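Protein chains in written order, with the working numbering: chain Y, 1 to 166; chain C, 1 to 90; chain Z, 1 to 347.
It is worth saying that the hints were derived from the structure and are not from the lab.
Predicted model only: the values in this text are computed from it and were never measured.
Virtual Cβ for every residue (Gly too), placed ideally from N, Cα, C.
Treat the hints with care, as some may be off.
[What the hints assert, rightly or not] Selected chain C positions facing chain Z (in silico; Cβ < 10 Å):
hint, residue
1, 70
2, 73
3, 76
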Amino acid sequence: MGTGMRFNGCPSKNELASAPGVPSLEDLNRKPLAVIECIEPIPCNPCEHACPFQAITVGDPITNCPVLDPEKCTGCGTCIACCPGLAIFVIDMNFTAATALVTMPYELYPLPQEGAEIDCLGRGGNTVAKGRIHTVKTSEKFDKTALVSIELSKEFAMDVRNIRMC
Amino acid sequence: MDKDYIICRCEEVTLKEVEDAIQHGAHNPDEIKKCTRAGMGLCQGRICSTLITQLLEQRGYPPQHTTPPHSRMPVRPVKIKEYLEDIKDE
Amino acid sequence: MKNIDVAVVGAGPAGLSAAIEAAKYGVKTLVIDENRQPGGQLFKQIHKFFGSQAQMAGIRGYEIGKKLLASAQMHHVQMHLNTQVIGIDETNTLAVIKDHHYSEIKARKIILCCGAAEKTLAFPGWTLPGIMGAGAAQTLVNIHRVLPGEKILMVGSGNVGLIVTYHFLQAGANVKAVIDAAHSIKGYGVHAAKIKRAGIPIMLGCTINRAIGKKQVEKAELIRVDERFNKIPSTEIQMDVDTICLAVGLSPSTELARMAGCKLYYDAKLGGYIPLINQDMQTTLEDIYAAGDMTGIEEASIAMEEGRIAGISCAVGLGYCPDTATSQRVVQNIRLNLSQLRSYKPN
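Given only the sequences and the hints, what does the whole structure look like? Please build it.
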């Protein structure tokens, strides 16, 4: 049995490394950026139109995986809630000297409380680390998808993609 | 292997009965319907016809080579009383 | 007997889109649906849809339903709800039961948008209460706001299985696992990723052997299968569940097309027997068109585009489009959209 998205639902390290929407660690260390974990050709392009800085390109055909331009991306997070696949995250690797800020789409109620201590889960649903809810943003524009930002130890920023209330 | 479970819920036709029908020469959904009543009940085969198509395919009678089951009025369960009274009126 | 230009059977995404396009040209259009509410399956789709920004992508399914309804109203599409079409004959007459009364509707053109029914899986115990189609469970949760159970097993890793699992998660149910006899996930990876990172196991190469229970399902017995789907002896495990949802595909609802005499063919990839149609969505009968899932199981975005072509084709066929160059251009654009939407399918 193989590994990767098709075989266990988790994109593998290789799949992520070759996804055109996932910026390099070098770029991520420079500034906050969107991380688009969209690795399959899906006929879908709302992210391209959501970005106010034209940092995301899908183009023609519509099944292209989104390409992120790390120079244009400001890490604003406007794209997160528009992704029907809930596959876009924003990572601020240098939120503080020791911590990173991971912002993710969240569609479960109740929404977490800002400041709450939570379990940070990896792509497989496993508990990876403890973290703290930094902000919870909702807006009409996000259409019921909340943007939850979690502060956690830097080393886990590229692994944590979900939360569980403690 | 237990073959007494039901394939057609409406007419309570079991897997064994369908298999027997296939063995006796019923090689498409209509023939199985005539032999066993599978697909003749309230839902008119909406649930079991895909199961029967699969069973036939597994036994060497692929759907590409058989005709789809016939469809007759009424395709939805209706009270025959209402239906007949109004036809008289029309 | 009621007379109408175009009768559309089914008020789902394909039927509504077809009716709206036809009505735009001034065609007297009637949509018939057996449900109390129009919209087909759209109103239970609480997730955001994939697709092109130009065609309502990124919008939740029920919002798309609301937009279609508003548009149908604006273009004066007539609607018969709670109305079952029980037959069709060679004079383009539909036999319907409306409010418990029989009547007939004669149309110059008929567009069949009857959608699809859930396929099922037969195994010992499958008729126990608590075992249901995933789509039926989705209706329970998202329309009626009732959870079918507390410990759920989802059978099938296609998009329906994955999406309904996510909806269960949002409704607070405990999904114990998603299983599939296939050895890779059938639906889109991003849908699988959403439930995987919530901790729901996805077990591949695994099928249901039997359901156990007295008055309702209490346990599911699972068994591993090899690459050829043969059960591997002594690999059975039992799982405590009170609900088993079957998401094993959809089957096009072709009863009326068959009764009318449309030619059908079998396409396993598109869900089974489907009517043969040309690029105008016309069946082998001149006045009968078909669109949406009943012409092959695909996405709602595709059903809407197919419906639009059928609606325009009927308007053209009835002489409502004097400017055929313009309508041709519109149809060409829709066909282009369709080919893009179809350019990739998982597995």
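Checklist entry - Can you list which hints this structure breaks, lowest number first? => result none
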